[in-house]
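**Student:** If you want the building blocks of each chain, they are given just below.
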Amino acid sequence: DTGVSQDPRHKITKRGQNVTFRCDPISEHNRLYWYRQTLGQGPEFLTYFQNEAQLEKSRLLSDRFSAERPKGSFSTLEIQRTEQGDSAMYLCASSLGRDSDNEQFFGPGTRLTVL
Amino acid sequence: DAKTTQPPSMDCAEGRAANLPCNHSTISGNEYVYWYRQIHSQGPQYIIHGLKNNETNEMASLIITEDRKSSTLILPHATLRDTAVYYCIVRAPSKNTGNQFYFGTGTSLTVIP
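Protein chains in written order, with the working numbering: chain A, 1 to 115; chain B, 1001 to 1113.
The hints are simulated quantities; they were obtained by calculation from the structure and are not laboratory data.
Cβ coordinates follow ideal geometry from the N, Cα and C atoms, glycine included.
There could be a bad hint or two in this list.
[As the list claims (entries may be wrong)] Partial list, derived from the structure: chain B residues whose beta carbon lies under 7 Å from chain A:
id, residue
1, Pro1044
2, Tyr1046
3, Pro1076
4, Pro1093
5, Asn1099
6, Gln1100
7, Phe1103
8, Thr1105
9, Gly1106
Take the sequences, apply the hints, and build the full model.
**Tutor:** Structural data, given as structure tokens:
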């Protein structure tokens, strides 16, 4: 257990429905990341927050995806009008904002299945 | 960030040392080498990282060549629980942007009884 929690762990939804995932990072970590992982591939970066500011978004983050970190603590990732191609493991990670290096601690992930 | 090259799979006998190579020939002077592993259906787990010097912790040792173009992760006494996908990542530290990791496809290590 890294101290990063994600909820739910599994989500099955029908195509076209909206889903929302939550990530609770390690409490003193000011950086938070979302990644997506499909079968047989390594995690791919989606977006990054420093405190409540969303500083980077990947091209993978289409306009159906939105992420928030309202108070610089927990974060949510919402997918609107889900598609079968959204089926993946969604991983959250957090880290301290040190200058020298940046070890990220990952949560267990939320596995999304879109039927 | 520099690209890394890893063998897609490796086997190791239980109790023996597992040596996982990584090539990062285009690494820049300020880029760190990180190793993570991912056991099936779990989130990636941090193992170790380094810049220039060799590093050791309770999990593993990291050997970085003098020219920094390659590195080796060493698990000194592999157990069945070390069976996982191992990712070698290089990235530079940044205050604001560019903090994400690029994982690649890693090396699938199988520890054989």
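**Student:** Of the numbered hints stated earlier in the document, which are not met by this structure?
**Tutor:** 3
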